[in-house]
Amino acid sequence: MKKLARFADGTGSSPLLVLGLSFLVGCGAAIPPPELVAARQAYADAEKGPAKELAPAQLDTAHQALEEAEASFESDPESEETRVLAYVAERRALSSAAVGATEKARKRRAHLDEEYTEIERKRATMTKEELAATRARLAQESDRVRAGQEAIAQRDAALAQKEVELEKEKKARAEAEGKLTAAIASLAEMGSIKEEARGMVITLNGAVLFATGKYELLPIAKSKLDEVADALKGQGFKKIVIEGHTDSRGVARDNDKLSLQRAEAVKAHLVARGLDASLIEAVGLGSTRPVATNDTPEGRANNRRVELIVTPQK
Amino acid sequence: MRMSFERLVSWGAFSMVVACGGAAVPNKELATAQASVRAAEVGGADKSPQAQLRLKQARDKIAEAEKLIAEGENESAARALRCAESDAELALALSREHEAKEEAEEALKKIQRLMEDSKS
Numbered sequence: 001m002k003k004l005a006r007f008a009d010g011t012g013s014s015p016l017l018v019l020g021l022s023f024l025v026g027c028g029a030a031i032p033p034p035e036l037v038a039a040r041q042a043y044a045d046a047e048k049g050p051a052k053e054l055a056p057a058q059l060d061t062a063h064q065a066l067e068e069a070e071a072s073f074e075s076d077p078e079s080e081e082t083r084v085l086a087y088v089a090e091r092r093a094l095s096s097a098a099v100g101a102t103e104k105a106r107k108r109r110a111h112l113d114e115e116y117t118e119i120e121r122k123r124a125t126m127t128k129e130e131l132a133a134t135r136a137r138l139a140q141e142s143d144r145v146r147a148g149q150e151a152i153a154q155r156d157a158a159l160a161q162k163e164v165e166l167e168k169e170k171k172a173r174a175e176a177e178g179k180l181t182a183a184i185a186s187l188a189e190m191g192s193i194k195e196e197a198r199g200m201v202i203t204l205n206g207a208v209l210f211a212t213g214k215y216e217l218l219p220i221a222k223s224k225l226d227e228v229a230d231a232l233k234g235q236g237f238k239k240i241v242i243e244g245h246t247d248s249r250g251v252a253r254d255n256d257k258l259s260l261q262r263a264e265a266v267k268a269h270l271v272a273r274g275l276d277a278s279l280i281e282a283v284g285l286g287s288t289r290p291v292a293t294n295d296t297p298e299g300r301a302n303n304r305r306v307e308l309i310v311t312p313q314k
Numbered sequence: 001m002r003m004s005f006e007r008l009v010s011w012g013a014f015s016m017v018v019a020c021g022g023a024a025v026p027n028k029e030l031a032t033a034q035a036s037v038r039a040a041e042v043g044g045a046d047k048s049p050q051a052q053l054r055l056k057q058a059r060d061k062i063a064e065a066e067k068l069i070a071e072g073e074n075e076s077a078a079r080a081l082r083c084a085e086s087d088a089e090l091a092l093a094l095s096r097e098h099e100a101k102e103e104a105e106e107a108l109k110k111i112q113r114l115m116e117d118s119k120s
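Just so you know, the sequences run in chain order A and B. Every letter in the first sequence is one number past the one before it in the numbering used here, and letter 297, counting from 1, is 297. Every letter in the second sequence is one number past the one before it in the numbering used here, and letter 84, counting from 1, is 84.
Note that these hints are calculated values from the structure, not bench results. The model shown is predicted, which means the values in this text are computed figures rather than measured ones. It cannot be assumed that every hint is accurate.
Here's a subset of chain B near chain A, in silico, CB distances under 7 angstroms, partners left out [what the hints assert, rightly or not]:
| hint | residue |
| --- | --- |
| 1 | ARG82 |
| 2 | CYS83 |
| 3 | SER86 |
| 4 | ALA93 |
| 5 | LYS101 |
| 6 | GLU103 |
Glycine is no exception: its CB is placed at the ideal position from the N, C-alpha and C atoms.
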């Protein structure tokens, strides 16, 4: 048909040829209308696009419409029907291309949605892991804090305990000291108490302790010594030296012996009252250490004495 | 061949009918075309310029067809209505394509936002 048309185009204007041309045109060997040209192009484009795979039904409909238009063009090229069919065919082709593009976009969207869900899931998992890690860290932290608090509480309890003990000890000491002071106060009538370099020196008047020339303790002395012994027990001590002293009258050997016997008697009584014998030493010093003159009865009375030298516990 | 008077008359009447457009008023085609236009409108054809153009063509063709019907040109009107229907269908297809592409674009943006959120 195209060949004939070209032939017709290239001819001169002889009456015969004009007749022949009109005959050919009359037979349908015509130039296709623009609608059909557009329809062919649109269909070719649609076939190249995603419609072939994603909208085959629509593409087929477009194909049928184009065939119909072609058939109409074949039989009646210049008819209005051909132009309409071609017009419709072009729209069908464009529509099928649009449906193909729509499906393609929807697929892409579905894929993106899946990707989104996947990313979100991963993110959630990550966040969960992070949360777990943070929780574990916090738990460790609070364990440490709790352990620290417990240690502090223990230390506080220990300190409080120690304080209570100290208080008790202090009280006990104060009590003991009080007792000793009281004992010493009651001893005042029969002796004195002094702090000296060699220790605490308790001096007991011999006249109160013993009868003349005897070394048995008088009953009053016993009860006084009991108080002294109790006070010393409460206080605690390292060592006690008990010294017996006499005045210078009489034979020195007898004096030495008597002074020792008297010191021993005091020791025996203190031990009987509960003091440790191994910590107590009794010595007889006779008249060798007078504290007053032996020329007057008062001086001699002062020289007749027993001294307890207490080395305190420290 | 001689034609009877009756036959002549009936032939003449037939020719007259053909000359006047011959066919009946294309009510069915009109209804179909109008329905297609409404479908395209509901389908969001006004959101895409391409679809808008096709929708306008469909409406123009319907208007043309109505004019032709008024003139008694029913056959031409039917043709115009077939064209209008195909235009409206194309408008709908294009608006769906536009919508699907926009949704895909939105899905992509959503992912990008998520990625940015993850970074911060």
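We went through each hint and held it up to the structure:
The restraint placing ARG82/B at the interface with chain A holds, with a minimum CB-CB distance near 6 angstroms, inside the 7 angstroms limit. Interface restraint check for CYS83/B: the shortest CB-CB distance to chain A comes to about 5 angstroms, inside 7 angstroms, so the restraint holds. Given the 7 angstroms rule on beta carbons, the hint for SER86/B holds: about 4 angstroms separates it from the nearest Cβ of chain A. The restraint placing ALA93/B at the interface with chain A holds, with a minimum CB-CB distance near 4 angstroms, inside the 7 angstroms limit.
Because the closest C-beta pair between LYS101/B and chain A is about 5 angstroms apart, less than 7 angstroms, the hint holds. Below 7 angstroms, beta-carbon pairs count as interface contacts, and GLU103/B has one with chain A at about 5 angstroms; its hint therefore holds.
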